[in-house]
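Number of protein chains: 2
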Amino acid sequence: MIIIGELINASRKAIGAAIEGKDAEAIKKVARDQFEAGANFIDVNAGIFVGEEPAYLKWLVETVQEEVDAPCAIDSPDPKAIEAGLAVHKGTPMINSISLEKERYDKLLPILAGTDLRVIALCMSDEGMPETVEDRLKIADKLVNGLIQKNVKVENIFVDPLVQPISVNNTFGVEFLDSVEEIMKRFPGIHTACGLSNISYGLPARKFMNQAFMVMAIAKGLDGAIMNPLDQKMMANIIAAEALAGKDKFCMSYLKAFRAKKFEV
Amino acid sequence: MIIIGELINASRKAIGAAIEGKDAEAIKKVARDQFEAGANFIDVNAGIFVGEEPAYLKWLVETVQEEVDAPCAIDSPDPKAIEAGLAVHKGTPMINSISLEKERYDKLLPILAGTDLRVIALCMSDEGMPETVEDRLKIADKLVNGLIQKNVKVENIFVDPLVQPISVNNTFGVEFLDSVEEIMKRFPGIHTACGLSNISYGLPARKFMNQAFMVMAIAKGLDGAIMNPLDQKMMANIIAAEALAGKDKFCMSYLKAFRAKKFEV
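Residue numbers (the working numbering), protein chains in the order written: chain Z, 10 to 274; chain X, 10 to 274.
Simulated from the structure, these hints should not be mistaken for laboratory data. Be careful, since some hints might not be right.
Pairs count within a copy or across copies, as identical chains cannot be separated in the list.
In silico DMTMM-like links for lysine to aspartate or glutamate, alpha-carbon gap of 20 Å or less [what the hints assert, rightly or not]:
no., residue 1, residue 2
1, K147, E191
2, K162, D115
3, K31, D135
4, K216, E273
Since we're looking at a predicted model, the values are computed, not measured.
Using the sequences and the hints given, assemble the complete structure.
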């Protein structure tokens, strides 16, 4: 599972304040905590600061990479902000995210063309949010083929099929899960990654439901997640599900997690 | 999820003693507890009592059905024992189980032919335990087609694809899960049901792993389980997974379970 740690997001109150106050130590702590908990990418988002996003993203990338030896997921739809982050980034970051919405697509494709950048390809178009497997696959086909034509390698693409709440429609869980399975089959070598917590919107016991949905998604082939890696129960569920999905040779990670008492949370 | 409560099994020490001592109250309590916890069938097994199995199974069926208004799963490979149980059973029980092992198959098929009995069809043959999806589908095809030819309705068949431990081979979880999916696709209307705990044999934190595997199996279409319905964490996971799998209209069961504090265990 490729984990994109989502905590450095300006829309979270403490993070927004830390960014505005240039509190590097606060940002570094959240970066380190996520990295030590297993994050493969550290997401950086300064989206709330209109006009200042490029400068803040640059500072975030620098600050995070002073602390941890991990790539960032540069979380913005704005090419100027992305390029400001890219200019100072060491190694190969992820762009979060391109979509099929025309303006976003046209602006981000040139940045990605011919690079080794990882990219989240969000199944969203100007026609709105997809609901069925067919809706999602139609968008995913166009996005993936568009990226491949611009020499983006399939293994650098992380399709986000977009989770919608089952409280709105009982079939939304299945439509998402079947989309993951179909995308992983249709494009060998591709990844799928997304935030899952929207699934339980409007329902109680959300954390419990989110954990079950993560485990189900792993059963269907999901191999990436935009999440809080400090959520120990979620991480324990991921470790067990990956062992069960045959992705943990000799159950080494599972056994290591057991010895670290990770199943006792 | 169709739940077959597994606790009335003579190989469990307290149950073996209760059967031998004809302690009807002890058996009735276990029957009632499982029924109230959500069991749809009460499994009865007196397999350890060689020669006395027919008499004991008859007594078990009578005792259970004096207490709860639920069908039994008559758990024996012996036609005499099954017929003794059937003779006193009210309603339509399940037979646990037929397999493709020649002796068992030939003896049980006439009992099932043309009836409305539910039956667990175990993916096992005289060639041994199946390992791959292909192994399982080969056996399932023969079993299901054999039963259908003898006028057993497909919706009364519960295929058990047979769980094997991932500690033996890392792929055994995936082979099982993909078998569930393929069986459910290949025979519309059929059920899959099995005990899952073997998956974690030889590993630590087995309960945690078993819960994750149940959730994954539900994602792949599993709709039956031979299990301990008094395992509250497992039941909570099943309720959440079924809601996420679109099998819980308006999330009614999920919301009811939340109000009953079932996610707080």
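For each hint, the structure was consulted:
no. : hint          : verdict
1   : K147 <-> E191 : within (12 Å within a copy, 25 Å between copies)
2   : K162 <-> D115 : within (18 Å within a copy, 56 Å between copies)
3   : K31 <-> D135  : neither (36 Å within a copy, 71 Å between copies)
4   : K216 <-> E273 : both (16 Å within a copy, 11 Å between copies)
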